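Student: Protein sequence lines, in the order shown, are assigned to chains A and B.
Count along the first sequence from 1, add 92, and you get the number used in our numbering.
Count along the second sequence from 1, add 430, and you get the number used in our numbering.
It should be emphasised that the hints constitute simulated quantities derived from the structure, not laboratory data.
Any given hint could turn out to be false.
[As the list claims (entries may be wrong)] 27 Å max Cα-Cα, derived DSS-like pairs, lysine-lysine: (1) B:Lys441 <-> B:Lys508; (2) A:Lys95 <-> A:Lys144; (3) B:Lys474 <-> B:Lys445; (4) B:Lys474 <-> A:Lys161; (5) B:Lys492 <-> B:Lys441; (6) B:Lys445 <-> A:Lys95.
[Stated by the list, open to error] With beta-carbon atoms standing in for the labels, derived distance ranges: (7) B:Gln510 <-> A:Met151: 31 to 41 Å; (8) A:Ser120 <-> B:Lys445: 19 to 29 Å; (9) A:Thr157 <-> B:Gln510: 41 to 51 Å.
The structure displayed is predicted, hence computed values, not measured ones.
Yeah, the Cβ is synthetic: ideal placement off N, Cα and C, and Gly gets one too.
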Amino acid sequence: DAKTTQPTSMDCAEGRAANLPCNHSTISGNEYVYWYRQIHSQGPQYIIHGLKNNETNEMASLIITEDRKSSTLILPHATLRDTAVYYCIVRADYGQNFVFGPGTRLSVLP
Amino acid sequence: EAGVAQSPRYKIIEKRQSVAFWCNPISGHATLYWYQQILGQGPKLLIQFQNNGVVDDSQLPKDRFSAERLKGVDSTLKIQPAKLEDSAVYLCASSLGQYTQYFGPGTRLTVL
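Given these sequences and hints, build the entire structure.
Tutor: Okay, structure coming up:
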């Protein structure tokens with residue numbers, strides 16, 4: 093079973109920031125938080141991952157709470173092309189496979 | 431850099447027929463994965479290869495599914511015979527060791 097809990101769906105206005113929450117209250121000290129997204133009819137696409145510090149790349153920012161029990165993926169200026177299912181996954185870098193839950197369906201509205 | 435390649439993109443067969451899917455991972459990626467994604471669900475791991483050896487096939491229905499990765503590069507996943515419940519998207523992914531996985535576009539299988 094997936095170790096994370098995410099809202100089923102969210103809407104966001106185009107050009108605004110999209111903040112996608114994820115709860116992972118049973119995360120272990122050696123487990124990373126990964127985010128993937130899946131645009132319709134495509135394979136999942138890697139977005140970002142982190143252990144305890146906040147991370148930022150060209151696609152998004154990842155904010156992890158100090159107790160590591162939850163995190164938020166931020167798309168700073170959402171576009172229509174960001175409409176997708178977003179998956180939050182926790183996993184150690186070695187010895188564990190990715191376990192995908194149902195994810196959050198983000199709809200970016202014009 | 432070329433991504434993970436999969437073929438065919440779509441396949442329609444009748445139940446009890448057999449089908450095969452092909453995957454070519456990103457060059458240099460030693461680890462290869464096959465996932466099954468049923469409509470409305472997240473992907474589920476079927477099998478993981480490290481080079482040409484199987485690391486994890488605990489969720490592969492071995493009575494009808496088989497996979498191989500000869501020479502440690504490309505891989506094939508076969509279903510024989512297919513059932514209606516095998517209708518799904520079959521995704522291939524690859525990674526350097528156990529790090530970030532990169533996915534192909536998938537093969538959409540419809541079993542009638």
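Student: Work down the list of hints and note, for each, if the structure agrees.
Tutor: Hint check:
no.: 1; hint: B:Lys441 <-> B:Lys508; verdict: 13 Å, holds
no.: 2; hint: A:Lys95 <-> A:Lys144; verdict: 17 Å, holds
no.: 3; hint: B:Lys474 <-> B:Lys445; verdict: 22 Å, holds
no.: 4; hint: B:Lys474 <-> A:Lys161; verdict: 24 Å, holds
no.: 5; hint: B:Lys492 <-> B:Lys441; verdict: 21 Å, holds
no.: 6; hint: B:Lys445 <-> A:Lys95; verdict: 35 Å, violated
no.: 7; hint: B:Gln510 <-> A:Met151: 31 to 41 Å; verdict: 40 Å, holds
no.: 8; hint: A:Ser120 <-> B:Lys445: 19 to 29 Å; verdict: 42 Å, violated
no.: 9; hint: A:Thr157 <-> B:Gln510: 41 to 51 Å; verdict: 48 Å, holds
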